[in-house]
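Novice: Just so you know, the sequence shown maps onto residues 0 to 418 in numbering that gives the first Met the number 0.
Rather than coming from a laboratory, the hints here were simulated on the basis of the structure.
Any given hint could be a false lead.
Beta-carbon label-pair distances, calculated as ranges [said to hold, decoys possible]:
id: 1; residue 1: Ile226; residue 2: Asp200; range: 12 to 22 Å
id: 2; residue 1: Asp269; residue 2: Leu138; range: 45 to 55 Å
id: 3; residue 1: Ala74; residue 2: Leu140; range: 35 to 45 Å
id: 4; residue 1: Glu73; residue 2: Asp160; range: 52 to 62 Å
id: 5; residue 1: Lys366; residue 2: Thr81; range: 33 to 43 Å
The structure displayed is predicted, hence computed values, not measured ones.
Every residue gets a Cβ at the ideal spot worked out from N, C-alpha and C, and that includes glycine.
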Amino acid sequence: MPKKLLYFFSLSILFLFLSALPISAAEKEDTVSVNVFNNMYYGTLEKNNDGESVFSLFSDQSDSTFTITGNWSEALNSFDGTCIISYQDGTIQEVTFKKGIIKKEVKTTFPDGTYQIFETKNGKPCKKIFTYSKNGTLLDLDWFDHCRSVKELNASAVTLDYETLINTPYNYSDIPVKLSGTVVELYEIPTHGYIKIRDTDNHLFLFNYPNTSIQSAFSTNIENVSIGDTIDIYGMLDSINDYSQNQLSLYEHSLGYQMDFDTFENLITDSDFLASIKYCSTIDDNDLKKPIPVFNAYYWQTNETNIDPLHLTFSYEEICKYPYYYKDEDLSVTGKVIYEELNSSGNRATLLIQKGNSSEIYGTTYKAEDYSSLLGKTVSCSGSSNGNRKIAYYNMDTQTMGYALFPNIKLSKLNLVSN
Numbered sequence: 000m001p002k003k004l005l006y007f008f009s010l011s012i013l014f015l016f017l018s019a020l021p022i023s024a025a026e027k028e029d030t031v032s033v034n035v036f037n038n039m040y041y042g043t044l045e046k047n048n049d050g051e052s053v054f055s056l057f058s059d060q061s062d063s064t065f066t067i068t069g070n071w072s073e074a075l076n077s078f079d080g081t082c083i084i085s086y087q088d089g090t091i092q093e094v095t096f097k098k099g100i101i102k103k104e105v106k107t108t109f110p111d112g113t114y115q116i117f118e119t120k121n122g123k124p125c126k127k128i129f130t131y132s133k134n135g136t137l138l139d140l141d142w143f144d145h146c147r148s149v150k151e152l153n154a155s156a157v158t159l160d161y162e163t164l165i166n167t168p169y170n171y172s173d174i175p176v177k178l179s180g181t182v183v184e185l186y187e188i189p190t191h192g193y194i195k196i197r198d199t200d201n202h203l204f205l206f207n208y209p210n211t212s213i214q215s216a217f218s219t220n221i222e223n224v225s226i227g228d229t230i231d232i233y234g235m236l237d238s239i240n241d242y243s244q245n246q247l248s249l250y251e252h253s254l255g256y257q258m259d260f261d262t263f264e265n266l267i268t269d270s271d272f273l274a275s276i277k278y279c280s281t282i283d284d285n286d287l288k289k290p291i292p293v294f295n296a297y298y299w300q301t302n303e304t305n306i307d308p309l310h311l312t313f314s315y316e317e318i319c320k321y322p323y324y325y326k327d328e329d330l331s332v333t334g335k336v337i338y339e340e341l342n343s344s345g346n347r348a349t350l351l352i353q354k355g356n357s358s359e360i361y362g363t364t365y366k367a368e369d370y371s372s373l374l375g376k377t378v379s380c381s382g383s384s385n386g387n388r389k390i391a392y393y394n395m396d397t398q399t400m401g402y403a404l405f406p407n408i409k410l411s412k413l414n415l416v417s418n
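All chains should be modelled from the sequences, with the hints used to inform the complete structure.
Specialist: Okay, structure coming up:
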């Protein structure tokens, strides 16, 4: 990554993890505060020749000096509307303040004209980071995980020492860790997936990650993997799980989009039945009955990883394997509704739609006050890609419950084409 980009990411992290304001600065007269990427800064406010308000940061808060120029609202006691944050090296950020925090899209322009675009939510940077040339050509793609650049997290990741991890796990608190190994098992719960990994020293680890609809604060740079894949995975330590204290309730994992639907349909059963057997139909894994390190994964690559994030193909295979790379990308499908499950209120349905005469199947959720069954009907829907749609099933052979994954569309429009 270019040095200037690393500098910017480091600056962003400095914003997010800056220690509390020294009392000496807080006691100064005419002090105002501003919230920049969910961190409070204190300084002075004055007018420039154009009548705009300029915030200047007290020097005892940070090694990096910046100013903010824009409209200061006395009623809100904060900036309001479009503002410019200017840094010492000539880098500028175009931001929008609303109700005292930065919202919407942020554009960062570097002195050489290259620029970055990312979004914020509740004042925090999130989702994808797009880097462009000064001519608008996409150069690089990164993600935020808990407000931090994934590429910078990866660069600072440490290699595990297993004995240290087991004996003094607090040494790895809040530190990104890299592990290499082989995927030996895959499990599911309603909102997360679990990957069991064996390293070259035969140690076992468990990594969990959100794998349904994509959460904006977490990294989305994750692919659906298979047992037997060799993997380089990054994450943060969650715990050394003790089975006697926490019996993990995990379920079977299946890639629904790789299955013959007629076969899978035989595994689908009534939701009331699934609810009744849920707690006695978990997987039985003796490895999980021993102390096992559990990590929250935020990024990985395998020997099967084969995608260019800057040039997505929009093939069904790529959408299925890399659903998180397709976050917010427009998707549309016309086909028959082959699966329908209503919620308890009867106003929301989980649907599986088979595209045309193909074997491509997409999942979505459709809301309607007076829902009328769409099962067997042809519909046209459009929206954006949003992670995996999980369909629960029961495997009679193994007597376990499981979840099958399909590419998920966050629905914006659905029309009935024919009955």
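Novice: It remains to establish, for every hint, whether it holds in the given structure.
Specialist: Structure-based check of all given hints:
1. Ile226 with Asp200: 12 to 22 Å: Holds - the Cβ-Cβ distance for Ile226 and Asp200, about 20 Å, lies within 12 to 22 Å.
2. Asp269 with Leu138: 45 to 55 Å: 51 Å, holds
3. Ala74 with Leu140: 35 to 45 Å: 40 Å, holds
4. Glu73 with Asp160: 52 to 62 Å: 56 Å, holds
5. Lys366 with Thr81: 33 to 43 Å: Between Lys366 and Thr81, where Cβ atoms are some 35 Å apart, the hint holds.
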